[in-house]
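Work the whole structure out from these sequences, hints included.
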Amino acid sequence: MSKKHIIVDPITRIEGHLRIEAVIDENNTIVDAWSSSTMFRGIETILKGRDPRDCGLMAMRICGVCTGTHYQRSIEAVEDAFDITIPKNARLVRNLIQGALYVHDHLVHFYHLHALDFVDVVAATKADPEKTAKEAKKWANVAGVEPYIGSASDFKMVQDRIVKFVKEGRLGIFGNGYWGNPHYKLTPEQNLIGVAHYLKALDVQRDLAKMQAIFGGKNPHPQSIVVGGVTCVQDIQNPARIALFKSLLKDGTDFVKRAYLPDVYMAGTMYADEATDGSAAFHATNHKGAMGKKVGGTGGGILSYMSYGDFRLDDTGFYHSELLFPSGLVLDGDISKVHEFDPSKVSEDVTHSWYKGSGAPEHPYEGTTIPEYTGLEKKEDGFAYLKTDEKYSWIKSPLYDGKKVEVGPLARMVVGYVKGDKRIKKYVDNFLKRSKLPITVLFSTVGRTAARAIETELMADVMFEWVDELAKNVAAGDLSTWTEFDFDKVSANSKGVGLAEAPRGALGHWVKVKDGKVENYQAVVPSTWNAGPRGPNGEVGAYEAAVIGTKVANPEEPLEIIRTIHSFDPCIACAVHVVDTKGKELAVYKVDPACAF
Amino acid sequence: MSSKKVALIGVGNIMFCDEGIGAYALRYIEKNYIIPENLTLIEGSSLGFRMMTYYQEYDKIIILGTGSHNDKPGSVRSENADEILAKGPTRKTANEVEITMMIEICSFHENMADVELVTMVPEDIVSVRNGLTQGTLEKMPIFVRNVLEVLKKEGIELREKDKHHSFEEIIEEFANPKQEIDPQSFLKS
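Chains A and B supply the protein sequences, listed in that same order.
To convert, note that position 210 of the first sequence is 210 in this note's numbering; the numbers rise steadily by one, no gaps.
To convert, note that position 105 of the second sequence is 105 in this note's numbering; the numbers rise steadily by one, no gaps.
Simulated from the structure, these hints should not be mistaken for lab results.
Mixed in with the good hints, there may be bad ones.
[Said to hold, decoys possible] Stretch by stretch, here's where chain B covers chain A in the computed footprint (C-beta under 8 angstroms, at least three residues):
| hint | stretch |
| --- | --- |
| 1 | 53 to 59 |
| 2 | 222 to 232 |
| 3 | 526 to 534 |
[Said to hold, decoys possible] Taking beta-carbon pairs under 7 angstroms as the criterion, some of the chain B residues facing chain A (in silico):
| hint | residue |
| --- | --- |
| 4 | Ile-29 |
| 5 | Thr-53 |
| 6 | Pro-177 |
Glycine is no exception: its CB is placed at the ideal position from the N, C-alpha and C atoms.
Here you go:
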C-alpha cells in the first residue's frame, strides 16, 4: 500500500482559513504535515498615519473572536510608548474584562468547537440514563464536587432529543461527525454526559458574555478602554454593577467546576493511552526539531513553550509587575528549567510565507508586510497541492531566538509550573492528583485541552479576588481611572509594545510613533505562532509537529488531525469544522482526502 | 406594531473593502431611521461564534452581509436558516462559514431564533482597505430597501428621521474612528 496524501481544507483565503496537508504511511501514521492559512495581515497598512490614540478602535477589527483583546493590546502598546502607568482601578477593570473573556472563550471552545472531537453524539443514543447519572456522579466526585446534571430523567430528556433529531435527520453540526470512528473512546453514557453539558453550555455562555459588557461598555465592541486608563467610572462606583458581575461569575464558575472540569477528567482518563503514547509523538520521528526530552504522546508537538506573561497583580507598571501568568520559555520538553523571555528575540520569517522579505527574520518594530503569492501546484491527478519546499502559507513564521515555540493555555501552565508559580502549581497539581495522571500527560492533545480547563478554573477563582479588590479600593475613596499625559510631548518620537496573553496565547502589538502619528505597526497574533509554516531552516511549526507521528484509525476520516488542531483553539476552528472531507463539492481547491501519493 | 423581538446584525470586516456591506447598511439604518423598542441593531463585524448569544435571545435574527451565490455583483438575496444549511458544505466567505456554523451549533437548542440572511454579492472582498467599490456603493440603497422590506414582513415598518446621513459619511466614520472621551466617564489620578 502506498503513502496517502490527506488534504483537510476549508475553502478560500478570507479571514483565517486553514488547510492541513498530511502524508500518511502504510501503517496509518502521519509522517509529514504542513499547515497553511490565510490569516489577515494588512492591519499595518491601515494603521499607519493614524492618531495612535485611535488605533485600538481599528485594531479590534483584526479578529472577531478576540476583539477586546486586540483593542486593549493596541492601547497598551501606545501606553508603553508614552510611558504611562494606569491607575489601580483601570488595571483591575482591564483584568476583569479580559478574565471574563477567558472563561467565556475557553468554555465555548471546549463544548462547542472541540468536544465533538471526543464525544460521539450518535453513540449517546445507546446510553442507559440511570447509568449515565451514576457516571456523571463518578466524574464529578473525581473533581471533588457534585454533578451539574445529576438525575437520570434529565439525561433521558436530552437523549430523547438526540433520538428525535437523528430520526428527523436534523442533526445540524452533529451531522458532519465521524460517528463510529474507533478513535472515539467514551462509553455511550459518557457520550450522553458530554452532549447534555454541550447543550447546557449554550445557556451558560450567554451569561458569561454579559460579564464582559458590564465594564467593557457596548457589546460586542468594547469601548471603555482608552490610552491612559478606562472610562467606566460610573460602573465601578455602582454596587449593583459589581454585584451583577459577581453573580454572573458565580453561576459560570459553578458550571466550570461541576461540569467542565469533571468532563475533562473523564476525557483525560479515557484518552490517557493516546496522551502518553510516546511512539505517536513528534519526538519519535526523524524530523528536524524532534530533539530534546522525549516526553508526552499524541499531539504533543514541538514541546517548546512560550508565555509573554499577563494580568498584572500590582501597580508598578508594564513589564515590572508581578503577573498572574509569568513570562518565560520552557524549551525542548526540558521541564527542569525555565528561560527568561527577552522581547528583542522575537522575529518573523517569510521563507515559507507568501510575502517578500529582507532575506532574514525581521523584528516586529521593523517588520514589513508585502504580499508575494506564488500559488499552489496542480499535480497530474488534477489536485492542487501546497508547494511545501517554497512558500505555502499566508501566515508568517514567528521565531523566538530562531526557534519555533507553542503558545496558549498549555504554554502558560507549563511555564508557570516550571517557574514555580504557587497558584499555577496548586491548580495543576490538584488536577494531576485527582486524575491520577502523570505530568507527562500534559504534553499531548489531551493535555492541551486539560491545561485550558485548569486555567479556566484558576481564572474564574482569581476574578472573585479582583472584583473584591476593586470594590474595596473604590469604597476607600480611590475613584481615579485615568492617567493624564501630554500628548504632543510623548508622541514626538516613541515606540512601544503591548505584550500580553490572549486566551489563545502570546499576543503582541508593536507601534512606532513619530510627530503624533503611527509610523509603523505590526501585530503578531497567537495563532501565527502555532499555525505558522516551517522556519527558515526547515524548523517544523507547532500545528505541523503536533500532527506528525499521530496514528489515524481511518485515513478517510481525519478525526485525529482535527482533534489535535482544535486542541490549540485556532481562531479558524470553525472553518476546519465545515470541511467536506468527501471533497466533492468544495469550491476553490478540488480536494480529495486520500488521493494516492 | 409587532411585539416580536427582532435583531438586525450587520456582519463583515470593514477592512476588506466590500465585505463591510453589512456593517455599513446597519449603521445607515441606525442613523437614518427611528428604531422601535422591539428592534435591536447589532454590529456583528466578524464576531463568529460570539453571535451565538444573540441567536438564543431573539425571536428573529436578520443578518446582513455579503453573499457568494453565483449571481452578478450587486444582486440581493434573502435566505432562511434551512435554505442556508441546504446549500451543502460549500462556503466561500468567512461570513458564510461562521454564520452556518452558528446556525448548526444553535439549531439543537430549544430557544433558537428564526434566522434570515439578507446578502448582496460584492465586487471585491480581497483588497485590504476601508470603503466600498463604486459599483457596490451605488447598489447600497437597493440593499437597504430589501432589508426594510424584510423588516416589514416582520411587522416592523421603519420611519425616516428628519436629518439624512449618506453612505459616504458613514463609510468615512468607520474608516476614521475617534476615541471620544466623555469627561464624566473617568477621573484623573
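*Let me know if the C-beta of B:Ile-29 comes in closer than 7 angstroms to any C-beta of chain A, holds or violated.*
17 angstroms, violated
*Answer holds if the nearest beta-carbon of chain A is closer than 7 angstroms to that of B:Thr-53; otherwise answer violated.*
Holds, about 5 angstroms.
_Verdict on chain B covering the stretch 526 to 534 of chain A, criterion of 3 CB contacts below 8 angstroms_ = violated (count 0)
*Mind taking a look at whether chain B covers the stretch 222 to 232 of chain A? Criterion is 3 or more residues with CB to CB distance under 8 angstroms.*
holds (count 7)
*Taking 7 angstroms as the limit, does the beta-carbon of B:Pro-177 come near enough to a beta-carbon in chain A?*
4 angstroms, holds
*If you look at each residue in the stretch 53 to 59 of chain A, do at least three have a Cβ nearer than 8 angstroms to any Cβ of chain B?*
holds (count 5)
In this structure, the earlier hints numbered 3, 4 are contradicted, and the remaining ones agree with it.
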